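Asks: These protein sequence lines map, in sequence, to chains A and B.
The first sequence begins at 1 in full-length UniProt numbering and counts up one residue at a time.
The second sequence begins at 1 in full-length UniProt numbering and counts up one residue at a time.
Calculated from the structure, these hints are not laboratory results.
Please note that the accuracy of each hint is not assured.
As the list claims (entries may be wrong) - Residues on chain A that point at chain B, a partial pick, calculated with CB under 10 Å:
1. ASP36
2. ASN41
3. ARG117
4. ASP125
5. GLY138
6. MET146
7. SER234
8. TYR236
9. VAL241
10. ARG289
11. LYS308
12. VAL317
This one's a predicted model, so the numbers in the text were calculated from it and none came from an experiment.
Yeah, the Cβ is synthetic: ideal placement off N, Cα and C, and Gly gets one too.
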Amino acid sequence: MKNFQIIRALSSKSAVISIAKEKEAMFIAGGTNLVDLMKKNVVAPDKLVDITALDLKKIEFLTGKTSIGALAKNSQVAEDKAIIEKHPLLAMALTAGASQQIRHMATVGGNMLQRTRCSYFYNTDMPCNKRVPKSGCGAIGGSNRMHAIFGASDSCIAVHPSDMCVALAALDATVQVEGPKGKREIKFTDFHRLPGNTPEKDNTLQNKELITSVEIPNNNFTKNVHYLKVRDRSSYAFALVSVAAALDIQNNTINDVRLAMGGVAHKPWRLTEVEEFLKGKTVSETIFRQAADLAMKGARGYGDNDFKLTLGPNAIVEALTIASSK
Amino acid sequence: MSKTSNINRVDGFAKVTGSATYSAEYKTDGVVYACLVGSTIAKGRIKSIDTKKAEWAPGVLVVISHLNVDKPSGYAKAKDPHNFGQPLQVFKDDTVLYYDQPIAMVIADTFERMQYAASLIKAEYIKEEHITDLQKAKDKEKKVETDKGDDYHRGVQDNYKNAAVVLEEEYTIPTEVHNPMELANIIAKWDGNKPTVYTKSQGVEGTRRSIGGVFGIPPEDVSVNSEYLGGAFGMGLHTWPYEIAALIGSKKLNRPVKLVLHREQMFTNVGFRPYTIQKMGLGATKDGKLTGLTHEAVAMTSSYEDFMEGTVNMSRFIYNCDNVSTRYRIVKLDTCTPIWMRGPGEATGSFALESAMDELAHKLDMDPIEFRKLNYAEKDLEQNKPWSSKYLLECYEGGMERIGWKNRKNKPGSVKEGEWLVGYGMGTGTFGCYRSPTSVKAKFLADGNLVLQCSVNDMGPGTATMMTAIGAEITGLPSENVVIEMGKSGLPKGPTQGGSATTSSVGSAVHDACNLLVSKILGLAVETSTFKGMAITDLAFANGVVTSKKDNLKSVSLASLLSANKLENFEVENVSKATEEAKKYSIYSFSVHFVKVLVNPNLGKIRLAHVVSCADIGTVINQKTSAGQMYGGAVGGIGMGLMEALEIDHRFGRPINNNFADYHVPVNADIEKQEVFFVNKKDPISNPMGTKGLGETALVGMAPAIANAVFNATGKRVRDLPITLDKILEPRVANA
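Please model the entire structure based on the sequences and the hints provided.
Replies: So this is what it looks like as structure tokens:
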């Protein structure tokens with residue numbers, strides 16, 4: 001690891017200012033991913049701006065929405081009684097991620113900004129367009145068991161590893177950011193992006209904007225929800241496929257629904273077309289199966305991950321079945 | 001062994017409080033920090049290596065590579081006693097034999113400066129085509145050039161082919177990596193031409209010989225300290241290039257050098273369980289009598305050493321079959337040399353054999369345990385000797401009862417719990433009981449403490465606790481009064497810790513030395529004390545006091561006996577070894593692992609609802625440490641069955657999952673209920689305590705138990721480990 005400078009910001013404004021001028025400067029909060037990346041020489045910032053002193057840790061229940069500060073710890077959100085009550089899907093997704101020790105360190109903003117776990121991205125001796133643009137994609141034609149089945153490109157088939165983000169994408173959340181040009185709001189589903197020809201960009205933040213909070217509009221998804229995570233061991237493993245399912249069921253009819261997948265794309269994979277299909281339908285396994293088949297439209301495998309073409313729809317049916325029977 | 005059979009782990013407090021000193025933790029004045037820079041190609045030559053930036057970086061003392069190394073004098077002739085071939089001679093020349101092979105070493109005044117400088121080293125290579133994929137190179141197989149590498153035949157060769165019911169299948173197991181929590185680490189220093197190392201070794205004496213050989217000095221001049229190990233699982237059985245590199249660096253600088261491998265280097269530089277392809281041929285009569293058994297293995301080794309292990313050996317004796325053939329072949333690949341990993345070859349072999357036995361039982365529509373009982377070996381047909389003891393049937397019975405075997409149905413997929421498919425499976429394990437000559441010194445001090453000394457290591461199984469228990473039992477002392485000194489050179493010579501032989505070897509030596517010591521004390525008591533003239537048999541020794549069996553009031557303390565004889569302590573040093581009688585018997589431990597799995601085929605999810613491991617290991621010296629060892633071995637076998645695989649991108653010859661996030665081992669949540677059970681019956685032949693060894697057999701047989709249970713649940717037979725969810729996943733079928 002090369003020598004770097006670390007300074008502590010005391011306001012979001014000063015944080016944004018102190019990073020804006022410098023090319024190789026980055027924010028650091030929990031550090032659960034960034035420190036690893038620095039140790040492995042995947043990223044080598046000259047300057048870190050420690051934002052953990054900023055007043056961005058609050059979870060607030062406002063009119064019509066819930067606001068979660070970017071520096072709220074993953075465990076703090078997952079264990080918040082009101083979050084469990086109002087947004088159980090989010091609490092479930094958070095608890096499915098990482099380990100309790102990591103959840104105690106990791107922040108909501110940091111979780112959104114974690115980098116892919118693709119082995120080629122981590123190993124600096126390997127080709128990776130995300131790490132070194134134009135160096136090639138090691139995972140295409142290589143080891144790609146964890147990789148994308150939706151929205152990938154010839155440049156990159158990596159997936160976003162977060163569980164929390166899958167729930168936030170499903171719940172129509174928005175991201176509040178602050179940058180040198182002021183504050184703005186980004187739809188959560190627009191926050192992460194597909195790789196295209198520029199896989200080095202994970203998200204749509206510009207000019208080193210700082211995430212200040214995430215907002216979730218009020219909803220009726222308090223009962224029939226499930227976050228299903230399928231992985232290679234029971235804890236402390238990234239999702240091969242995950243499904244966030246939230247249903248609002250009235251008299252066995254699907255009044256409203258949200259559905260998103262994780263571990264399948266470069267971003268949390270919201271399934272709005274499938275949601276439209278399910279709305280107004282009567283709960284049944286047949287309907288869930290049809291929904292799952294519809295969800296897989298456009299999916300393709302890359303060899304090692306071909307099994308996700310079977311696992312994906314199975315997981316959707318499983319998640320919808322569990323959610324609807326709660 | 002009643003009083004001492006449940007004492008606490010004697011090093012437990014030191015380990016959990018952090019006061020136990022591991023190799024890299026020794027306080028050493030003037031120590032400097034080294035790391036190894038690895039090659040980024042798998043085969044070829046180093047065209048150029050730019051070390052200038054690193055040399056100029058702050059705090060750097062030296063950068064060593066093949067260009068400037070002072071070659072150890074023994075490089076020309078050194079041979080590893082374990083392997084055939086030549087161990088890698090670090091920095092010897094510009095040749096690259098495997099990915100991440102050390103090509104340079106940076107030594108700096110601080111850890112951070114050393115790390116940074118290492119990142120500045122750049123090499124250019126002349127690449128050659130590498131081969132790391134055994135599946136693509138298996139036709140390049142060859143025999144290992146030793147009598148142990150010979151084919152084995154009993155009766156008619158490959159007779160299984162002539163049977164009424166034939167099973168012929170291929171099984172593969174991927175490369176697995178030991179990866180103990182404690183990284184490979186060393187502090188090396190020189191005093192003139194005599195080196196001292198604090199290193200992660202499973203064999204003090206072996207490490208002395210290896211280092212002595214490389215540097216052309218007598219082993220007696222090499223001091224090795226390896227008092228505590230944070231696990232090793234076999235990777236400490238070899239003296240690795242990193243250890244030699246640290247010694248080269250220390251010699252060059254004339255300063256102590258500390259070198260700790262990165263976790264990534266633990267996947268590439270310190271051995272592994274070799275990828276192995278096995279072919280099984282089993283033949284039986286229609287009523288289930290085995291008439292032929294052929295077991296063939298093709299395993300990888302490195303390009304520079306021939307490594308072999310006992311993969312096919314179990315098939316020669318575990319079942320009653322007159323016609324057995326085994327063949328073992330190796331293929332040279334461009335990797336580091338493998339090294340025995342817990343269970344070693346027997347664990348690999350049992351996956352194939354015990355899976356095949358299950359498959360044949362299914363073909364015969366027999367219960368797998370009934371099938372095994374029908375082919376139970378009343379004696380060892382390989383050696384043509386009787387068993388010293390064999391309580392395998394008790395292991396079957398104990399496991400069947402605990403796991404609820406009666407709920408198992410032969411037809412796969414016929415038992416359900418809610419939405420989950422239920423499967424039961426079992427697998428048999430075995431491992432030889434070895435005993436090597438061991439020297440132990442037993443010393444009674446005036447303060448009433450008994451000191452036991454032996455250079456043997458304790459990598460975690462509880463060797464010190466075992467020595468304490470046996471010493472306390474024989475001398476009648478409370479275990480708190482037994483002091484163990486071990487894990488370093490200069491002590492009476494103990495064996496390398498491996499092959500489940502430690503308790504049999506060292507325990508026997510403690511047993512014998514303590515008996516001799518007590519005799520010596522009693523002998524002195526009848527010559528010089530108030531007991532003068534009495535027979536030794538009339539005296540007893542306990543709690544540091546000699547008493548008369550006839551007259552309870554008469555006693556002589558050890559301290560007064562010492563002072564009366566003007567002695568500081570009583571001591572005995574003795575070498576113990578196996579008896580001639582033992583050679584007439586076949587001595588093996590046996591284990592049977594039982595597994596109940598719940599499977600959701602839609603998600604490929606396998607839940608280990610219940611795991612039961614039963615073992616016949618002769619006498620159990622300590623219930624707690626033995627149970628701990630059995631739990632750990634079983635979990636290792638579960639990793640083998642369900643998760644572990646070093647994944648290589650063969651285009652580059654490099655591992656892909658060389659970290660703990662991607663190389664999975666089981667977590668607590670993976671195993672819902674786990675039990676262990678020991679028959680605990682003394683072996684009359686093996687050694688004075690009647691033990692037979694546990695460490696290896698604790699793992700052997702678990703992987704096939706899981707594979708067999710998964711088959712019983714789903715009807716899917718997985719013959720290539722690990723059994724990951726994609727291998728059993730089924731497209732969802734609509735409910736009727």
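Asks: Hint by hint, which ones does the structure fall short of?
Replies: As far as the earlier hints go, not one is violated by this structure.
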